[in-house]
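Asker: Sequence:
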Amino acid sequence: MKTIVDLTPVNLGRDIHSIQAVSKATGVNVICPTGFYWTEEPWMHGWDAEYLSKYMIRDINKGILDTGIKAGIIKCATDHTGVDEFNKKLLQASALAHRATGTPISTHTTVANTSAKDQVSAFQEFGVDMSRVVIGHLGDSTDIDYLESILASGCFIGMDRFGLEAMLPSDDRVQTVATLCTKGYAEQMVVSHDACSFQDFFDGEYIEKFAPNWCYEHIPRDVLPALAAAGVSQADIDTMMVGNPKKLFSTSGSY
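Numbered as in the numbering used here, the sequence shown ends at 255 without a single skipped number.
Where hints are given, some of them may not hold.
Stated by the list, open to error - In silico DSS-like links for lysine-lysine, alpha-carbon gap of 27 Å or less:
| hint | residue 1 | residue 2 |
| --- | --- | --- |
| 1 | 247 | 70 |
| 2 | 183 | 246 |
| 3 | 89 | 70 |
| 4 | 89 | 54 |
| 5 | 247 | 54 |
| 6 | 247 | 2 |
| 7 | 62 | 246 |
| 8 | 70 | 2 |
| 9 | 117 | 88 |
| 10 | 89 | 62 |
| 11 | 209 | 183 |
| 12 | 246 | 24 |
| 13 | 70 | 88 |
| 14 | 247 | 62 |
| 15 | 24 | 62 |
| 16 | 62 | 2 |
| 17 | 183 | 117 |
| 18 | 246 | 117 |
| 19 | 183 | 247 |
| 20 | 54 | 88 |
| 21 | 24 | 2 |
Hints listed in this document are in silico derivations from the structure and should not be mistaken for laboratory results.
Generate coordinates for the entire structure from the input sequences, incorporating the hints supplied.
Answerer: Printed below as a string of structure tokens:
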């Protein structure tokens with residue numbers, strides 16, 4: 001693995017100086033994010049969608065803080081509150097920044113509600129080209145009909161929580177990806193883990209019990225061989241791991 005896409009939003013602990021230091025020390029290329037998580041921060045209420053978008057556009061065009069490192073992806077999120085008035089403002093801000101710069105969007109959703117469908121509807125309302133969007137965390141679902149309804153928009157879907165066994169066992173995640181590949185959707189999926197090098201949301205005992213493989217090594221070590229064993233071709237694996245991210249990041253330009 002030569003490149004990692006970091007999707008930590010501004011208001012969920014993005015630390016650009018740490019990212020810079022780790023990238024330099026390891027030689028791993030890190031694509032850095034801009035954008036906001038779904039939580040309602042007090043300072044956000046005074047800003048409209050256009051103002052929030054300018055924050056992201058600055059990160060993209062000029063660089064993050066004092067580093068000169070330019071954001072390469074926009075993160076936004078919808079959770080259990082759904083696309084309410086506040087969340088729609090955040091999605092609109094992301095859409096404005098995306099359309100002004102051509103920078104791709106990646107989202108957080110929850111399969112417990114219809115937030116993925118609602119995100120698609122909102123982005124379509126805001127004129128977003130869905131082929132430049134990853135609707136995230138859909139690997140938590142085994143509902144093929146639901147997943148196909150999202151794929152019909154032309155977006156990528158994130159099969160991106162491998163290792164979080166408490167949410168869905170890896171065997172089920174692998175089978176869902178394999179099924180979608182047999183249906184011809186390899187060109188619309190990206191595979192990842194939603195893991196981080198440090199977090200204190202879960203304690204160490206919880207991680208050891210419910211997510212022992214929630215780490216960067218899990219996909220190359222365990223998931224890719226499991227996909228191959230489930231009948232996914234090497235061509236489809238290469239498409240999901242290399243071709244689709246390349247396509248997402250190589251499409252550029254405002255519109």
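Asker: Residue 89 and residue 70: Cα distance at most 27 Å?
Answerer: holds, 23 Å
Asker: Quickly compare the C-alpha distance for residue 209 and residue 183 to 27 Å and report which way the hint goes.
Answerer: violated, 34 Å
Asker: Against the 27 Å threshold, does the CA-CA distance of residue 62 and residue 2 hold or violate the hint?
Answerer: The given pair, whose Cα atoms are some 25 Å apart, holds under the 27 Å limit.
Asker: Taken at face value, is the distance from the CA of residue 62 to the CA of residue 89 at most 27 Å?
Answerer: holds, 23 Å
Asker: Taking 27 Å as the top limit, are the C-alpha atoms of residue 246 and residue 24 close enough?
Answerer: Given pair residue 246, residue 24 holds - Cα atoms ~22 Å apart, limit 27 Å.
Asker: Can the restraint linking residue 183 and residue 117 be considered satisfied, given a maximum Cα separation of 27 Å?
Answerer: Roughly 20 Å separates the two Cα atoms, so the pair holds.
Asker: Mind checking the alpha carbons of residue 54 and residue 88 for me, to see if they're no more than 27 Å apart?
Answerer: Roughly 17 Å between the alpha carbons, so the hint for residue 54 and residue 88 holds.
Asker: Hinted pair, alpha-carbon criterion (27 Å max): residue 89, residue 54. Please report holds or violated.
Answerer: Since the Cα atoms of residue 89 and residue 54 sit roughly 13 Å apart, the hinted pair holds (cutoff 27 Å).
Asker: Next pair to validate is residue 246 with residue 117; report whether the Cα-Cα distance is within 27 Å.
Answerer: Holds, because 25 Å separates the two Cα atoms, which is no more than 27 Å.
Asker: Holds or violated: are the alpha carbons of residue 24 and residue 2 at most 27 Å from each other?
Answerer: holds, 13 Å
Asker: Holds or violated: are the alpha carbons of residue 183 and residue 247 at most 27 Å from each other?
Answerer: Between residue 183 and residue 247 the Cα gap is close to 20 Å, so the pair holds against 27 Å.
Asker: Given the hinted pair residue 62 and residue 246, is their Cα-Cα distance within 27 Å?
Answerer: holds, 23 Å
Figure legend: structure checked against the earlier numbered hints; the only hint not met is number 11.
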